[in-house]
Structures are given as C-alpha cells and as structure tokens.
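Quick note, the sequences are listed as chains A and B, same order. Per my numbering, the first sequence starts with residue 7, numbered consecutively. Per my numbering, the second sequence starts with residue 17, numbered consecutively.
Careful: at least some of the hints might be erroneous.
Now the in silico label distances, taken between C-beta atoms and shown as ranges [unchecked claim]:
| no. | chain 1 | residue 1 | chain 2 | residue 2 | range |
| --- | --- | --- | --- | --- | --- |
| 1 | A | I129 | B | I91 | 45 to 53 Å |
| 2 | B | A70 | A | L99 | 39 to 47 Å |
| 3 | A | E122 | B | N122 | 34 to 42 Å |
| 4 | A | V124 | B | V118 | 42 to 50 Å |
| 5 | B | L121 | A | I152 | 41 to 49 Å |
| 6 | A | N84 | B | A70 | 44 to 52 Å |
| 7 | B | R123 | A | L12 | 22 to 30 Å |
| 8 | A | K32 | B | R123 | 46 to 54 Å |
If you're looking for bench data, these hints aren't it; they were derived computationally from the structure. C-beta atoms are modelled at their ideal positions from N, C-alpha and C, and glycine is treated no differently.
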Amino acid sequence: MNLTTLAFFLLSFIAVGSAIMMITSKSPVHSVLWLIVVFFSISGHYILLNAQFLAVVNIIVYAGAIMVLFLFVVMLMNLNAETEPIKNYRLQLIGVLAGGTLLLVLITAMMRIDVEQVVQMKIGDAGLIKVLGMTLFKNYVLPFEISSVLFLSAMIGAVIIGKKD
Amino acid sequence: MDIQVYIALSLTLFTIGIVGVLVRRNAIIIFMCVELMLNAVNLLLVAFSKMHAASSAVKALPTYASDAQIFVFFIMVVAAAEVSVGLAIIVMMYRNIHSVDVNFLNRLKN
C-alpha cells in the first residue's frame, strides 16, 4: 500500500466518520463544526486528484463563507441541545432503513458495471488554475456572467425575505 | 485508484445526507445535509473528470477534462446563492413560529 492509497483511505474515513457525527450530534453547533471537517477532507481529496483550484475554492467558499453563515444563524437563534425538537424513534428507524436500502441498491448497481477505468491521481493539468481560467473565460464566459445576475437576485431575495415586514 | 472506489465513497456521503434529511427535524441540520449531498456530487464529478483525463481517447477535444471542474465551480456558485436565500427563509420561520422544528410547518396539511 503506497502513500497515495493510504492518504485516500484516511481522507475517506475522516469524511464518512465526520458526516455520521454530523447527523448524530445533538448540538447544532457541533454539527456545523463536523461539517467543516467533512469539507476539509473533501478538499484533501481534490488535492489528491490534483484539482488545486477546486480545493482552494472549496475551502474558501464552503468552509469559509457558507459554514460561517450557518454558524452565525445557529448562534443568532441561540440553539443548543436543550432546544432540540422532540424525536420519534420509529421515524428515525424508518429513515435509516430507507437510506440503507438506497445505498444497497446503488452499490449493487455500481458493482454490475465492469469498466476498468483508473482515476488519474497527483498528475494531470486539468485542474490547474491556468487551464480552468482559460476554459472559464473562453468557453463559459456567458454562464459566468449570468451567475453574477443570479447572485444579485439571491442577494435581493435574501434582503427582502429577511426584512421585518 | 479505481473509479469504483470513488463512486462508493460519493454514494456513501450522499446516502448519509439523505438519512440526515429523513431523520433530523431541525431545519438548519436538514439544510446542512443538503450541502453534504451537493459536495458528494462535486467529488464524483471531479473523479470522473480525472478518469477522462487518464483515458487517451478523448484528448482530441480541447477542454477534455476541465469541463467537469467548471461544472463543479458553477455548482458551488449556485450553492452559495441557495444558502443565502435558504438561511433567510429559516430566520424568517424562526421569527414567526419561534422554532426551527419542521414538524410545526404543517399548516398546508389541512
């Protein structure tokens, strides 16, 4: 087992374990912190795949901006373990069973395909900032500009929704 | 690394997100599980992009492996816009019913 495989399985273990801790922890603040750990491990996966731009953007946008926004809202509402809603154990069991069944079906469907494709790791220039920037500003410049309109409308919508009457 | 391992990892993360949406009643945690599902899809897209980069048949195309990563970038853009609007909705819900429990949102039921 070489170092890349070891790093892959370590990052996968951290990601899955933190995701399980996120949905099982009582306090919303702990959930937010565990989700940040998941995002950092996914960024590690991107680095392992040599997608450097996406690794940096994932940390800046997800772990930086989005999760801070979540943390702000959780702390603004003063949510903690005591204000956790009442739970229904039967519904929880049904939820876990439904999710497990879905995972079983998807994994079985994946096992039936027999392509021997290998993912290129640690090499390749597809994820470098230079290549992605050339692609973004040559082939995808119109969606890039439209996304600014999307951000503007989201900003106006958030202000209008959050306004007091 | 085979592509199957990446598919299995992404499916596991996606399923954990689905279980979280089904099990938890806190609106903020449900929203965070949606983010987790988006991230699982992003990871799978990057893995498929690197799978295409490894095969030599598609190298005639000019942007043979960067398209998927641009797609991931746009998914992140949409997720950021979605979070701002969604958290505003959750704050407004908390202001109206003083709780973030989605069980109280049953006014459309009757």
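So, going through the hints one by one against the coordinates:
1. I129/A with I91/B: 45 to 53 Å: violated (25 Å)
2. A70/B with L99/A: 39 to 47 Å: Once the Cβ atoms are compared, 42 Å apart, the range 39 to 47 Å for L99/A and A70/B holds.
3. E122/A with N122/B: 34 to 42 Å: violated (51 Å)
4. V124/A with V118/B: 42 to 50 Å: holds (43 Å)
5. L121/B with I152/A: 41 to 49 Å: violated (32 Å)
6. N84/A with A70/B: 44 to 52 Å: Once the Cβ atoms are compared, 50 Å apart, the range 44 to 52 Å for A70/B and N84/A holds.
7. R123/B with L12/A: 22 to 30 Å: Violated - the Cβ-Cβ distance for R123/B and L12/A, about 53 Å, lies outside 22 to 30 Å.
8. K32/A with R123/B: 46 to 54 Å: Roughly 28 Å apart at Cβ, these two residues miss the hinted range, so it is violated.
In terms of the numbered hints stated before, the structure departs from hints 1, 3, 5, 7 and 8, listed from lowest to highest.
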